[in-house]
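Read top to bottom, the protein sequences are chains A and B. Heads up, the final residue of the first sequence is numbered 250 in my numbering, and it's a clean run with no missing numbers. Heads up, the final residue of the second sequence is numbered 308 in my numbering, and it's a clean run with no missing numbers.
Calculated from the structure, these hints are not laboratory results. Check before you lean on any hint, since a few could be wrong.
[To be verified] Once the Cα atoms are required to be at most 35 Å apart in a straight line, the calculated DSBU-like pairs of lysine-lysine come out as:
1. K97/B - K15/A
2. K119/B - K163/B
3. K97/B - K197/B
4. K119/B - K15/A
5. K221/B - K197/B
6. K176/B - K15/A
[To be verified] Short, incomplete list of chain A residues facing chain B, as computed with Cβ under 10 Å:
7. N4
8. A5
9. R21
10. D81
11. G85
12. F86
13. L91
14. V92
15. R134
16. P137
17. V138
18. F140
19. F167
20. M176
21. S231
22. Q249
Note that the Cβ used here is the ideal one computed from N, Cα and C, for glycine as well.
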Amino acid sequence: MNAIYILWIRQLKRYVRSRARVVGSLGQPLLFLLGLGFGLGPTFRRAGEGDYIQFLAPGVIGMTILFTAIFSGIELIWDRQFGFLKETLVAPVSRTAIMFGRTLGGATVAVFQGLIVLVICLLAGFRVHDLRVIPVAFVFMILIGIMFTALGTAIASTMADFQGFQLVMNFLVMPIFFLSGALFPLTNVPKVLGFLAAVDPLSYGVDGMRTSFIGIAHFGMATDFAVLSILTAVFLAIGSYMFSRIQL
Amino acid sequence: MIRVEQLVKTFGEVKAVRDISFQVEQGEIFAFLGPNGAGKTTTIKMLTTLLKPTSGTVELDGLDPTVSSNEARKRFGIVFQDPSLDDQLTAYENMGLHAALYKVPRHVRRERIERLLKLFELWDRRDDGVKQFSGGMRRRLEIARSLLHTPKIIFLDEPTLGLDPQTRNQMWTLVKKLNQDEGVTVFLTTHYMEEAERVAQRVAIIDHGQIIAQGTPQELKLQTGTESLEQAFLALTGSAIRDEEATAADTMRAMARIWSGRK
Ligand SMILES: Nc1ncnc2c1ncn2[C@@H]1O[C@H](COP(=O)(O)OP(=O)(O)OP(=O)(O)O)[C@@H](O)[C@H]1O
Ligand SMILES: [Mg+2]
Chain A
3 MNAIYILWIR QLKRYVRSRA RVVGSLGQPL LFLLGLGFGL GPTFRRAGEG DYIQFLAPGV
63 IGMTILFTAI FSGIELIWDR QFGFLKETLV APVSRTAIMF GRTLGGATVA VFQGLIVLVI
123 CLLAGFRVHD LRVIPVAFVF MILIGIMFTA LGTAIASTMA DFQGFQLVMN FLVMPIFFLS
183 GALFPLTNVP KVLGFLAAVD PLSYGVDGMR TSFIGIAHFG MATDFAVLSI LTAVFLAIGS
243 YMFSRIQL
Chain B
46 MIRVEQLVKT FGEVKAVRDI SFQVEQGEIF AFLGPNGAGK TTTIKMLTTL LKPTSGTVEL
106 DGLDPTVSSN EARKRFGIVF QDPSLDDQLT AYENMGLHAA LYKVPRHVRR ERIERLLKLF
166 ELWDRRDDGV KQFSGGMRRR LEIARSLLHT PKIIFLDEPT LGLDPQTRNQ MWTLVKKLNQ
226 DEGVTVFLTT HYMEEAERVA QRVAIIDHGQ IIAQGTPQEL KLQTGTESLE QAFLALTGSA
286 IRDEEATAAD TMRAMARIWS GRK
């Protein structure tokens, strides 16, 4: 318990101390929000879909959490290369506790980044239909934060260096983002796309947030919550298992 | 205190450790010496739960580290050959994190950290990020950290790497003192033979993954008819560079290629 807490704190300290990273990682969501939001907005409206910023904001928040969380997980590779990982692996603490501490730390950072983007969205004109739903959206943010940090950790456990990182970005993280319905409605999309979106974990996170924020549902909140809870547990289990197998 | 029997570790084709056996008694300072790539670090990793042996057995304080990992981990401290600090954190935070991971009781934490940081002359820099530390300061911090949970055994994998003669001298004095006063068992590797000769009560020499000699420094000198441990070491291991398993013939061929200007 103590170990989980101390490793969680460590992640937060590292986050607070790398201001460049904080600011840098906000660039991309901002670009999507402003560029796409205002660029595609008129087209979206003409198609009778309403205000695009309203639609897009939950997607951009989801994207922020996805990227930050995966990166937090992948940070394990840094720790391996800079050597700190050894210090935790010889400590009399179970690997599961170490993995949980790291993952909760990474997830906290990811959710925090998501909240910053939420504030930016609000400033850019995003309107939540009822302030009381924010805690509900927050639950979905936490779930995807933990899920994707665990996924990043699982992947990073199998990589000794950053050579495979590009591969992971292009063939896993980007598809997860683009196919999730973060940018476009999943109604009336071609069957294949609909299927891919349905197997994309982020879809449920974005849908859950969108439902709570603006009341537009695709899968429905109960389904979102159930799927995300199960997947989070599964990814945590896989992440712990992969992490426990690390040898140096 | 440490028992190793018929220990083997292979990485694919590479046989890093080939069937070694040795024992280290409680309260002993034991030097594990060998040329680059001999298998010293690999052996330490197997003793400290970082690597699983391919075959053979290891025992630490009566425990099998591959089975009761956490119990074994409480008993040793380690200074790795490569850095293992979090350089985004301060010296004090690195110590604090270690204390928490090893469940050092809260009421002694502060005082113990202070004592160790003072001992290694880092107390004044305790709140500076490790990123700003020199190589020597980092090394000292790692050594201080390894002692924080008062382990029974310490593994020192080239602890004096990158330290100046003053610090090296001071460090070994400290290790000896710790060994004498607290009865801490020390397992060390170093490439400075005079250091090993000075501090170690017993020495094992490993080459190409096999132990080729062990005994007191005195015994090894007698056995080889040499004056110093360094000479004994060279007599036992030869003077060819071992890093890549290049034979003399390989080296000659490589030279010939360079001279004739071909790739
Ligand atoms: N993870 C690994 N994968 C493959 N080969 C490895 C690995 N770790 C070590 N080796 C190989 O095992 C052999 C022994 O390496 P080891 O690090 O134990 O040597 P060492 O005695 O500590 O050397 P040095 O004095 O240079 O630190 C070397 O040939 C090395 O290349
Ligand atoms: Mg080594």
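Q) Okay, which hints does this one fail, numbers in order? A) Violated hints: 9, 15, 16, 17, 18, 19, 20, 21; rest satisfied.
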